[in-house]
Structure formats: C-alpha cells, structure tokens
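J.: Sequence:
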Amino acid sequence: MHSLFDDEEVQALRMAPIFQGLNDDAMKTLLATAVTKTYSRGETLFLQGDEADAFYVVLEGWAKVYRITQAGEEAVVGVFTRGQSFAEAAAFTNGRFPATCEAVTDGRFLRIPARQLYQTIASNPEVGLAMLASTSMHLHELIKQIEALKAHTGAQRVAEFLLSLTNLEDGACTLMLPYDKALIAGRLGIKPESLSRAFQKLRSYGVMVKQNTAQIENLAVLQDLVDQERAVVMQQKR
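Mind the numbering: the sequence shown is residues 1 to 238 in the UniProt record's numbering, read in order.
Wrong hints could be hidden among the right ones.
As the list claims (entries may be wrong) - Calculated cross-link-like contacts (lysine to any residue; reagent style SDA-like; alpha-carbon spacing at most 20 Å):
{"id": "1", "residue 1": "K181", "residue 2": "S40"}
{"id": "2", "residue 1": "K210", "residue 2": "G154"}
{"id": "3", "residue 1": "K181", "residue 2": "T81"}
{"id": "4", "residue 1": "K201", "residue 2": "T174"}
Stated by the list, open to error - Here are the simulated distance ranges between beta carbons:
{"id": "5", "residue 1": "Q211", "residue 2": "Q11", "range": "42 to 52 Å"}
{"id": "6", "residue 1": "Q70", "residue 2": "A32", "range": "33 to 43 Å"}
{"id": "7", "residue 1": "L165", "residue 2": "I143", "range": "14 to 24 Å"}
{"id": "8", "residue 1": "S123", "residue 2": "R67", "range": "31 to 41 Å"}
{"id": "9", "residue 1": "G206", "residue 2": "S123", "range": "48 to 58 Å"}
{"id": "10", "residue 1": "S123", "residue 2": "V221", "range": "20 to 30 Å"}
{"id": "11", "residue 1": "D170", "residue 2": "G49", "range": "14 to 24 Å"}
{"id": "12", "residue 1": "E51", "residue 2": "R197", "range": "39 to 49 Å"}
Hints were generated in silico from the structure; no laboratory data involved. Using N, Cα and C, we set each Cβ at its ideal position, and we do this for glycine too.
From just these sequences and the hints, can you work out the full model?
T.: Next comes the structure, spelled out in structure tokens:
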C-alpha cells in the first residue's frame, strides 16, 4: 500500500466508496500524486466557483460543504467525516466547485488531483465504476435529506441524526455530538432555535442533551419516533 499513509489512514481510505473494491495496483495509481494536508477548524479547503481540480477524502476530523443563499444565509449541503469522500463529480466534470468546503474541526484530508482521476480511469475502468458508485451514494444521501425535510418534523430529524452516531439499535447509550449545534441545525435544515425546541421535545422520548453530550435511555424508542408518519407525530403534539 502507498507509503504515504499509516495503517489507520489506509483503513479510512478503504471506507470511502470510491476505493472499495479496488485492488492495490489501481489504488496506488489513483493515489500516485495525492497529497495530505492538515487543516485547522474554520480553514477553507475550496471556495464556491473555484476550479474543481481535485476531490477529497477525510482521514481525520469533520468538514462541511455549503452554499450561501441570496439572503446571505448558509445552506449546508453535506457534512463529512473519516472515510468519506466529496467533490468527485465536480472534479470529474472538470468544472467548478458548486459549493464551499470548510473544516469544522481540526482534521487531516487527502487531496487527489482531477488529472490523476482521469488518467487512472483511462487505465483502470474499475475506478470509473467506483466513482459512479460514490457519486450515486451522495445522490441517495441528498434524496434522504429532501425526504426528511418533507416528511419529518424537526424532532424526528434530530432523532435520526442522533441514531446515525451509533451502530447500536436498542438500549441506553451516551453520545458525543461531533460538532457544534449551529452546524447540526444547518445540516438538518432547521433554525438553531428550532433545534433547541426539538431537544426539549425529545426529553419525553428519553433524550437528555447537555452541552455536547446526548444521553439516550432507549435507542429503539427514538427509532420508533423516526419511523412514525409525520401526521401521527403532529397529532401527538395536540
């Protein structure tokens, strides 16, 4: 495997859909001109409108991709962490980044030049298939976000977010919120004050949020809330 990475980083790379299923030779070719860089919280990886000359994989930390609306507000498109890639489609089309990316925690990121992606696909068609799988996964995530905005209440969206932070399915657990509450609200498409109200409503479902920690009495109860139809949840509020 590429000497640029330690074992943990190789594991993180293998988590990214674009690398899953690639043999070592194809992976080495794709990473031949890749570079890693450490960013501090708040640093920008790329700006909306910049030439899309690379795509990225998170080795450590968190990053957000967002657009600024005409009203000057920040619309979060996605939040990415270890083992997740982003900006593949923009890099492949040789266009410009449609959004801005910023590190929301200190982190380490892999930058793979677009020209290397083209060359690797030309010699290893399997990389092209892997890239299609990766961009397809991003599309499915966006569809899920739209579905949540349309069909779920704020409390349901927060409950689903909390469930995404653990692999457990039932029982009690304590979760660390991975980034600040303003970004959580942006990711879920709600206002910060609506997030606070959602946390208050989730108390009746056994959720207690203190600072950056969420204590959950029973994960299965939260899953039941997420699975309920919006009309049923709204009726329960009356």
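J.: For every hint, state whether the structure bears it out.
T.: Status of each hint after checking the structure:
1. Our distance criterion of 20 Å between C-alpha atoms is met by K181 and S40, whose separation comes to about 19 Å.
2. For a cut-off of 20 Å, the pair hint linking K210 to G154 stands: about 19 Å separates their Cα positions.
3. The suggested pairing of K181 with T81 holds, with an alpha-carbon distance near 16 Å, which does not exceed 20 Å.
4. Between K201 and T174 the alpha-carbon distance is near 18 Å, which keeps this suggested pair within the 20 Å criterion.
5. Distance hint check: the CB atoms of Q211 and Q11 are about 30 Å apart, inconsistent with the given range 42 to 52 Å.
6. Between Q70 and A32, the C-beta spacing of about 41 Å keeps the proposed range 33 to 43 Å intact.
7. Distance hint check for L165 and I143: the Cβ-Cβ separation is about 21 Å, which falls inside the suggested range of 14 to 24 Å.
8. Restraint check, S123 to R67: a C-beta distance of roughly 35 Å satisfies the suggested window 31 to 41 Å.
9. Between G206 and S123 the CB atoms are about 54 Å apart, so this pair conforms to the stated range of 48 to 58 Å.
10. Between S123 and V221 the CB atoms are about 52 Å apart, so this pair departs from the stated range of 20 to 30 Å.
11. The hinted window of 14 to 24 Å between D170 and G49 is violated, with their beta carbons roughly 46 Å apart.
12. A beta carbon spacing of about 42 Å between E51 and R197 agrees with the range 39 to 49 Å that was offered as a hint.
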